[in-house]
Each structure stands twice: as structure tokens, then as C-alpha cells.
Amino acid sequence: MLMKNIKENKIQIYSVFFFLFLWQIISQYIINDPLILPSVSDVIKAFFELSGSIPIDIAVSLLHLSTGLFFALIIGIPIGALMGWYRSADQFFNPIIEMLRPIPPLAWIPFAIIWFGLSDYSAGFIILIGALFPILTNTYTGFRNTPLVLVEAAKVLGCKKNINLIKYIALPSSFPYILSGIRISIGIGWMCVVAAEMFGLDNYGFGNVGVGNMLWQYYALHMMDRVALYMLILGVIGILMDRLLKHAEANLLKWKKGTNIRQI
Amino acid sequence: MYQLQLKNISKTFKRNSKKQLVLDNINLNVKKSEFIAIVGPSGCGKTTLLRIIMGLEHPSKGSIKLDDKNIKEANSALGMVFQEFSLLGWRTVLENVTFGLEMKKLKKEEQMKIAEEYIRLVVLDDFKEHYPCELSGGMKQRVAVARALATNPQVLLMDEPFGALDAQTRNTLQTELIKIWRKTRKTVIFITHNIEEAIFLAQRIVILSKIPSTVERIVENKLPYPRDKLAPDFIELKCDITKHFYDSKDK
Numbered sequence: 000m001l002m003k004n005i006k007e008n009k010i011q012i013y014s015v016f017f018f019l020f021l022w023q024i025i026s027q028y029i030i031n032d033p034l035i036l037p038s039v040s041d042v043i044k045a046f047f048e049l050s051g052s053i054p055i056d057i058a059v060s061l062l063h064l065s066t067g068l069f070f071a072l073i074i075g076i077p078i079g080a081l082m083g084w085y086r087s088a089d090q091f092f093n094p095i096i097e098m099l100r101p102i103p104p105l106a107w108i109p110f111a112i113i114w115f116g117l118s119d120y121s122a123g124f125i126i127l128i129g130a131l132f133p134i135l136t137n138t139y140t141g142f143r144n145t146p147l148v149l150v151e152a153a154k155v156l157g158c159k160k161n162i163n164l165i166k167y168i169a170l171p172s173s174f175p176y177i178l179s180g181i182r183i184s185i186g187i188g189w190m191c192v193v194a195a196e197m198f199g200l201d202n203y204g205f206g207n208v209g210v211g212n213m214l215w216q217y218y219a220l221h222m223m224d225r226v227a228l229y230m231l232i233l234g235v236i237g238i239l240m241d242r243l244l245k246h247a248e249a250n251l252l253k254w255k256k257g258t259n260i261r262q263i
Numbered sequence: 000m001y002q003l004q005l006k007n008i009s010k011t012f013k014r015n016s017k018k019q020l021v022l023d024n025i026n027l028n029v030k031k032s033e034f035i036a037i038v039g040p041s042g043c044g045k046t047t048l049l050r051i052i053m054g055l056e057h058p059s060k061g062s063i064k065l066d067d068k069n070i071k072e073a074n075s076a077l078g079m080v081f082q083e084f085s086l087l088g089w090r091t092v093l094e095n096v097t098f099g100l101e102m103k104k105l106k107k108e109e110q111m112k113i114a115e116e117y118i119r120l121v122v123l124d125d126f127k128e129h130y131p132c133e134l135s136g137g138m139k140q141r142v143a144v145a146r147a148l149a150t151n152p153q154v155l156l157m158d159e160p161f162g163a164l165d166a167q168t169r170n171t172l173q174t175e176l177i178k179i180w181r182k183t184r185k186t187v188i189f190i191t192h193n194i195e196e197a198i199f200l201a202q203r204i205v206i207l208s209k210i211p212s213t214v215e216r217i218v219e220n221k222l223p224y225p226r227d228k229l230a231p232d233f234i235e236l237k238c239d240i241t242k243h244f245y246d247s248k249d250k
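Chains as they are written, first to last, in numbering that gives the first Met the number 0: chain A, 0 to 263; chain B, 0 to 250.
For reference, chain A alone in the conformation it holds in the complex (with noise of 0.2 Å):
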């Protein structure tokens, strides 16, 4: 089994050794100053030196994280979900989001501190600001590719109430979608924890922490090993997210196995 996965993922493991490689070969020989680009071997040993806070660094960034994306939760499906069962919220709601969709999250950091000072709260307005929009339009573009005949079929059956159709119909044939808006939000949110955080933060009492907090205040002493260190721990705690929830997604949807398209 182990093997067979080992055998499965031959090519993407070459490809990081491979990249690694390739990042120390340029930054040893051919850089060779460890301010402009750090090696391997000196994220390595940053590693080392800071593995007795980094636990508490991701633990207090999901924490973040998981604010915002909460309240992108509860505001995006209820809004998707009305604009796409109802003409009339779409149109009052779709001119208000098309504006401040383009607005990067970054735009909002001022009026964050304005609103929640520099606290955990304004870390999590931003990546909420981030979060908010796939998953809106993902909930919205599942309600709206609804399959009338489904909707019919649970009229005939006595589910004739919207507020029934939604429940019963809308939203489960909308999961699919809302899932994959999940995903993607927390991916977007996780791009947004570095400028969440650039300020420092302590609600919680664990004194100035987080990942894009560390990075921001190592970035300062001019320390770019651990700088990129926690680049790193980005992209890794990244991909983690992305493959549970890829998982997660798979498992969920198991009924609908085999009507996509495999890979060739």
C-alpha cells in the first residue's frame, strides 16, 4: 500500500527534491549571499532554532483564519443563497458585491484598525474579506444551475414552499459548489493571513505571534533565512488545508462519483 503510494507519487517527490536542489545550488554558488536569497541548509537551521514557536505561530494564524472564514460562512451562503433562489436579491445585491469585490483585502487594513483597533479581531475582518467572495459566488452559481426538473419533481411530491425547495433541493444540489467555495476560501484566506497579521496582534495573550506576524517582524531585522522560513510554513500548512479538504470533498461527495471527468 505504502508502496504502491510511493510508486504513485514518484514523479511529485522528485519535483520537490528537485526544486530544493535546484533553490540551493543557486543561492549557495551562484547568489551566494545569504540576505538576498537564503539556502536550504539556512532555513534548515532557522527551522531548528525558532521549532519551539512555530506550533504556536500556525495555531494562532488558523486561529485567525478560521474567524474570518467563519464569518464568511454565515454571510456568504445565506446572501448566495438568497441571490440565487430570488430575482430580486440578486439585483439588489449584485451591484453592492461587484463594487467592493475588486477591492483587494489589503485595501481594508486601515479601516480594520479603525474598527477593531490592532487586535485579532481586524486580522480576522481582512481574511474575511478575502474569504467572503468565492464562496458567496460559489453558493449563488450552485443555486442558480439548480436542475429545474428536480425542483418540479419535489412540487409534485408536496415540497412546494421556497423556503422547503431551498432546503430540500437548492442546497443540497448546490453542495458540490459550496464545497469547493469552502475550499477555495481557505485558500484565499490563507493568502490573506501575512497582510492580517502585519501588524502586531495580542488578544489572545500568546504575546506577538503568528506566521505572518513572525515574518513581518524577522523581515525587520533584515533575518531573511526566517523570513523564508515562514514562507514555507505557508505554502506547506497551505497544501495541507487544500489536500484534507480535497479529501474531505471526496468523501462528502461520494454520490456523485463517476458523473466527472477523470483525468487522462
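All the pointers check out, no bait thrown in.
Mimicking BS3-like on lysine-lysine, the simulated pairs with C-alpha atoms at most 27 Å apart in a straight line are: (1) K71(B) with K60(B); (2) K185(B) with K112(B); (3) K185(B) with K159(A); (4) K255(A) with K127(B); (5) K103(B) with K159(A); (6) K127(B) with K185(B); (7) K166(A) with K139(B); (8) K6(B) with K159(A); (9) K160(A) with K106(B); (10) K60(B) with K17(B); (11) K106(B) with K159(A); (12) K160(A) with K103(B); (13) K166(A) with K103(B); (14) K127(B) with K166(A); (15) K104(B) with K166(A); (16) K160(A) with K71(B); (17) K139(B) with K253(A); (18) K107(B) with K253(A).
Quick caveat, the hints were computed from the structure, so don't treat them as lab data.
As the structure is a computational prediction, the values presented were derived from the model and not from experiment.
Add chain B to chain A, keeping to what the hints say.
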């Protein structure tokens, strides 16, 4: 006397500000437990007529009475099987069949009892826990029949339910449908463009003209059940109706 009465049904569709008359003054009376087939050239408004009976669409003129009461919207006294596959993909076979019973707020045990009975009726006992994506087209339509019957409607409306199936599966399902009909004594209104299918199934065959549709002819089919598609009188009836079909198309 009649269970279902269609009176002067007309339907006009508006498309790009052009009005098109699809159904023109259709009258039909259906007795309880009768098996009626409606045939007609494709695009003649058969499906529209069925959707009007179901209450999914409103007639421009005319009225529909079920046991002398007017029907305005989807009514639980009527069940429907659609031409497209219409199972809820996220529910198992069993959960699809219980859906209408859940809407009626029946007790869980009662739902199970009824659902299992109808799943047995369509011979899918071994597939109760399967999801629709794991079933063949024929099985999906059997589940749709079981689901429609589970809520115990008085009239079952079927809109070319076997149209998307291969000939062999189609034959099997036709035979099974007759068995189910004779067992449950439901009134069935069955839409098809296949004359042979109509003769095999129905006691009366309503032939619609091409658009704007009127009832062109109603054929009484007295052949005894179970019918044999190769019997001489079956073929004779088929020739008769087919000839009529082409004659009217030439006009």
C-alpha cells in the same frame, strides 16, 4: 362519473412578443383506473398538456377538474414521472422514495414501511441503499415510479418515462408497468410518441394533431392484457393508427 375532466383546454405561449397557440380546445374525460395514452407528433404539446394537468403550468383557457374540484397547482392527488431522470442525487433509492412521505410528515417507521413496499413493487430490493449515480437508466425510472406511487396519488401522470431507455429495457418496464397498474388500479395518463408502446399499454389512445394540437381521434383498445406485440390484431391496430398518423401529417 368521470374522475378527471379536461374542459376546453387551450394554451398560448408568448415568445419574442409572438403568440403561438400550442393546445387548441382539448377535451378529455378519464374514468377511474383507466389507462390512457396520449400520442402525437413531437413538438405537438403533449408534455405541455400533462404539465397543465399536473398543475405545473396554467392553461390559457379552460379548466381541469379532479373529482369535480378544480386543480390550480401541484396537487398530491396526482403523481408524476418525468421524461428526464429526476431522482435526487444526494439521496439513496430508499430516501428518494420516502421524500414525498417526509413532506406529508408521516412517522419514520411508516415511511420505511411504505417505501419498502413500493421498492419491492418495482423489484429494486437489492438497491435500496444505492445512490442514483450507481443505477442504470431503467432502474432510475423504476425508482421514479416507486417514488410517485408511494404518496398514493389517485392519478399517475407519465411523461415519456421510457423514452431515454434502450428497446429491451423499455419492453421490460412496459410489462412491469402493466403489472403495477393492474395491482394498484391507479388511473394512468401516459405520454409517448411511440404508437406501439401506446397500444401495448393503454385502454384508450388519444391522438393529438400537430400544432396547434386538437384531439384528432380517440381509439378504444380492447385487446386483452397481457398484450402480445406480434399478435395479428395488435399489428392491425398499429397499422391503422400509423396510417392515420401519416395521413393527417400529409394534409
